[in-house]
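Could you put the whole structure together from the sequences, leaning on the hints where they help?
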Amino acid sequence: MSLSTLPKFKAAVAARPAELEQARKNGRKVVGWLNYNTPEEIIHALGLIPVQLGIGGDDKLVDLGGSFISTKNCVYVRETVGLFAENKNPLVALSDIIAVDATCLQIYRVAELIEYYFKRDVVILDVPKNPTTSEGRTYFQKEVAAFARVLGEKTGTKLGTAALQKSIDLYREIRATVQEIYRYQAVATPVITWREVRDVIHARYSLDPVLYLQLVKELRDELHVLAGATPYLEDSPEVRIMISGSILPPGDNKLIQLIESNGGRIVVDDTWSGLVPFLYVDVKAPTPEAVAEAYLERVPHGALPHLDLKSDRRLKLQHELVKEYHVDGVIYHTLRYCDPYTFKANETKELLKQIKIPLLEIHTEYAGSDIEAIRTRAEAFIELLRNRRKKFGQQKPKAAAVA
Amino acid sequence: MSRPDIKVEKSQTKEIAGKQNGDTVIGIDIGSLGAKAVLIANHSVYTALGRTGLYMQETANDLIGSLTDAAGIKRSDVEYIVGTGYGRVALEFPDTPSRIITEISCHARGAHYLLPNTRTIVDMGGQDCKAIRVEDDGSVGDFAMNDKCAAGTGRFLEVMANVFKVKLEDLGALALSATELVPVSSTCTVFAESETISLLARGESPANILKGINYAIAHRIGGMFARVGLQTDIYFSGGVAKNSGMRAALEERLDARINSSDFDPQLVGALGAAVYATDYAN
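Just so you know, the protein sequences line up as chains A and B, in that order. The first sequence: position 3 = 3 (our numbering), numbered continuously. The second sequence: position 217 = 217 (our numbering), numbered continuously.
Read the hints as simulated data drawn from the structure, not as lab findings. Mixed in with the good hints, there may be bad ones.
Distance condition first, Cα-Cα at most 16 Å in a straight line; then the derived EDC-like pairs of lysine to aspartate or glutamate [to be verified]:
#	chain 1	residue 1	chain 2	residue 2
1	B	242	B	169
2	A	217	A	169
3	A	88	B	135
4	A	356	B	233
5	A	391	B	169
6	A	284	A	297
7	A	25	A	96
8	A	356	B	169
Per label pair, the in silico range of CB-to-CB distance [said to hold, decoys possible]:
#	chain 1	residue 1	chain 2	residue 2	range
9	A	210	B	54	55 to 65 Å
10	A	253	B	96	29 to 39 Å
11	A	59	B	57	26 to 36 Å
Every residue gets a Cβ at the ideal spot worked out from N, C-alpha and C, and that includes glycine.
Here it is, written out as structure tokens:
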């Protein structure tokens, strides 16, 4: 079944570069942002146009980026540098200011490089590596306030309380609506696929948030009509897979294709290019400090240390998603040299072992040289999950220490 | 039609005697170097082994032809075919019911068919190594594969055989004749080759160097068992399993005895595929 709203996202994304060009001619400034903790609400409330940067899956851009940054950085980071070196991606080319939060230090390094080599106007938002402490929180509140001030100074704008409240409300509604849509792909007989929802999520990278909200609401309403107002998550005939680990940005489809072509059904992810940024954001007041507080309350990025595993919200979310989405197995995807998620694979593995959910680790990059090896792993993992279903029915997760 | 480079045999292995029902099925394992097939027919097991070559479908058809000729049956008598191995994606059998299964599942099933107490498999093939944990019904419990590296693979050993100017099948005996172990630091095919040449130039004996190479590879492979867990009984499958030097190094590294059978370990994936084919034929 084809959904009439989906082509509208595609058309809007295609039309966006021309809109951005026109907006710039009219004096608006475009802020391209990278990483995980950049508060879009602040950028939007300043009257600036936020666009999220970063794509994956293009080995030529990785090679190009590798001329400027060590090849011991992850391919996403190298491709991001390659994007700036090439400067053909419309979102990159049309960004007046590049905002980078220092959640992942490799991406922070990108900020330094693009300023040095490509003379881009870069604003850094530092992110504390002790986000659960009061000192870390206070530091981030000051950082977000400074971020708003610096952006304002660069663009001749000032953050107003009413504008910020409006932006907070806008993004809150976007997140809630996307969360609602996300569940529809995971029902037993879906009218929308996980991959289509992923495309919807990635459309947010470029679209004006007001238009984006309008489109996601339209899609949500269409789904209501076609599939009912309350998507019920239950088991389904295909093996149900969760993808975890490193970023899977727009364009990085290698693993997804290999899973799907072997009969696996992805029903949920906890990547920072997927569902996670839409979860658990509750800005309680129209101030930069409250925005900072809300962002630190989200599910943390893997690059932020969290040594007490029992209170790790990332692991807690994984456990919740496995249960809620009736997951048979988890594919933990890491990009070569993506140290945060590679090092944390074992934590996820231990959690899943406790609840008897199989895990497959895939360590890869964007080159096609490992496709057959990954195909064999993914196919064998799906065979393993099918055999478990035959033998035991779907494994119901047990309580784990983090729950 | 038989191809001269394909070696066909009727298996006399005691571990599989009497286990066949009346089905006529074939398992085909098209690996990166070796192409293997097992025919179960007339309550007997026939095996075929050749080089994969460039044209995998053609090789598969040649293997089937060799086996059906040996068993005195027609291809149309074959009830079911299961294809596996690196070349499985290229296989099609339009005239026979068939299915494609990964070599990981097939090695587990084949080893379990031979030796039902098998719980862990080391599979060292032409281009990769795998550690497979086997459930008590022959299904896969967990697995790990080496990552983008030829260390410990048939391809790696071919390169080494070339360096030592010996036949591939003689590498095992050569390593076992070592009087001491010369440490080899690299398991990368390219670096190990240059390191080996340096060691030979220094006057080290080929046998001692080869023993060092085997131990370096065994050490590396040992890491995969940390991921899947090592449970006895252990079985060693794949073409490299014929290498007695590597087997000895693995046993020492894993501190465990590796079970063996008269059945050619290189054919275990094809055997598992044939066992799966028997399931599907019924």
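Next on the checklist: Name the hints, by number, that the structure is in violation of.
Outcome noted: Checked against the structure, the hints that fail are numbers 3, 4, 5 and 8, while the rest are satisfied.
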